Amino acid sequence: MILKIRDALDTINPDRDLIARTELLLMVKTQKKKVQIYRSLATAASLLFIMSVLSVAGYGYYQHPVNYIDFDINPSLDLQINAFNRVVAVTYLNEDAESLISEDTLTGCKPDEAVTLILEAASDKGYILDGETSVVSLAAYGRNEEKAQAVLQKCTDAVSSQYENVAVYCTTVSSDLKVEAEAVSMSAGKLCLIKMIQTLDATATVDDFRDASVSSIVHRIAYLSSDENTDASDDSKKTVIPDIKDVTSQMQRIQEKIHSGDEQAGEPQSFHSSSQHDGTEQIDISPLPKPSDNGSDHSNMEQPVPASPTPTDNLQTSGQDTISSTPPYRGNEQNNSPNTSGQSHDNATRNLPPSTN
Amino acid sequence: MHELTSCEKITAALEKHSNMVYRICFLYLKNKEEAEDAFQDIFLRYIQADMVFESDEHEKTWLCRVSFNRCKDILKSFRFRVASLDSVPEPSYETPSQSDVLEAVLKLPAKYKDAIYLHYYEGYTSAQIAKMLYCSENAVFSQLSRGRKILKERLGDDFED
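Sequences listed follow chains Z and U, in order. When we follow our numbering, the leftmost residue of the first sequence carries the number 1, and every step to the right adds one. When we follow our numbering, the leftmost residue of the second sequence carries the number 1, and every step to the right adds one.
So that you can see chain Z by itself, here it is in the shape it has in the complex:
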C-alpha cells in the first residue's frame, strides 16, 4: 500500500517552467532586497550625516556667544552669553578673577544668575564688605544692542535686588571699545571709567588703573569732577564720598558735565556710554554740581564720538611721572587684594584725598 500511495503521489511534480519562473522570481526579489538594504543603509548613513552636521552646527550655535557681559569689581571677568541666554564661556581678565569662581560654576547659568554667583563669591572672599558701598561695573556688548541691553538690565536688577550695598555702573559698549578692552586685557566697563578719568586728567593712563577696583575708580572720577578739586587748597580737597547708590546716573552726570565743558572748550569727548538704570534714588557723589539738564532721562547716553585722543594715544603719551600731578593718585601701585579690614574701599580709595565726613 505504501508503494501505491508513493506511486500515486509521485505523479504530482512541478513543471520545469514553474521551477525556472520561481528561481527567476526569487533572484529578482533577492536583488531587490539587496537594493533595499543598500538604499536603507544609504538613507541611514545620510540621516546620520545630517544628524551629525546638525548636532555639530547646533553645538556650534549653542557655544557661539552673541552677547558679552564684562563684570568688574576688580576681579574682572567677561561672561560670554549665547543666543539662548546662557553663559557659555568665561574669560578671566585678571588673576583675582581666576581664584574667585570657576568657569564650570558659571557655564550654563543665565547671566543674571551668573552675576549673582560671582557677587556671592566676591562677598565670601571679601571684595564686598557689609557696611560699605562697593561699586560693580557691568558692561554689555552685543551685535544686537537691544538684546545686550536687556541682558544687562536683568543683571543689574539681579544685583540691585539682592545687594543693597552694591552700586552698579552699567553700560553698553561699542564693538571698538570692546576690542580695545580685550587688547588691554581689561573689562570694557572699567575701560569706560578709565576713559572718563582720562577726560578729566590727561595724565592718567590705563595702566595706572589696571589693578584698581571699580569703587576706587568711581571715587577718583567723583574727586576729579568736583569743583573743589581745582580751586581749593590741599586741605579742602577732601572729597565727600557718600554712599553711591546710582553710579551709572552719577557717571552720566559727570560725563555730561565733562561733555558740556568740552563743548565750551571746543573739545568733545571720546568716551561714550549708555545706561538704562532707573536712578530711582539719586544721591550725588559730592561735590558734584548738577548739570543744567539734570532732570532729563539718562537712558540715552550715546555721545558724539569725538576727535579727541584715543585711549591708545593716551597710553602712548601719558607717563608715570605725570601721574603725581593733581591729586596724588597712584593707580599702578595699588593692591587689588580683597579688603578684609573694612577700613576703606581699597587702597586706591586710600590714595584719594581724605573724606570730610
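I should point out that these hints are in silico values taken from the structure, not numbers from a laboratory. Take these hints with a grain of salt, some might be off.
As the list claims (entries may be wrong) - Listed next, the stretches of chain U that the computed footprint assigns to chain Z, with coverage defined by at least 3 CB atoms under 8 Å from CB atoms of chain Z:
# : region
1 : 6-17
2 : 26-38
What the hints assert, rightly or not - If you only want the chain U side, here are some residues facing chain Z, beta carbon under 8 Å, derived:
#  : residue
3  : Tyr22
4  : Phe43
5  : Arg45
6  : Ile47
7  : Met51
8  : Val52
9  : Val101
10 : Leu102
11 : Tyr120
Model, not experiment: these values are computed from the prediction. Where a beta carbon is used, it is the ideal one built from N, C-alpha and C, also for glycine.
Using the hints provided, position chain U relative to the given structure of chain Z.
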C-alpha cells in the same frame, strides 16, 4: 565550508525540495494554479526568512512545516473558498489505480492527510511527525489509523496494509 551565495542557495533549495513543496501544495489545494502560487510563495518566504539551517533535514522539515501552514492559510482564505475548482485540469495518471489512490488521499481531511503523506511518502516516523506537527505521538498514531481506515473504506480491496 564554502558559504553559498543567495543565487546558489535558491538553486540548491529548488533542486532539493521543489517536488516535496509542490506535492504538499497540490495535496492541500487540489488545484494546479493555486499550488503553483503557493509553491512560489513558500520559496519566497524561504528566501525572506534567510534562515541558517543546521542540516538538509532541518531545512526540509522547515519547508515542510511552512508548506503545511501556508496551504492551511490559503484554504481558510475567502478568495480560495469562492474560487471554482471545476475547471482546473486534473494531473494525468499512469494507471487508473494511481488515480483512485491519489483521489482518495486528496479527499482525506487535512489533519489525516499530513500524517499519511509524511509517513507513507516521506517516510517519517510517528515521533518525527509528532515533532513536526507539534502534537503528541499518540495523536499521530490516531491520525494515521483513522486516515488508513478512510482510505480502506474508499479504496476497498485495493488498499492493503
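Index of numbered hints that the structure contradicts, given in increasing order: Checked against the structure, the hints that fail are numbers 5, 7, 8, while the rest are satisfied.
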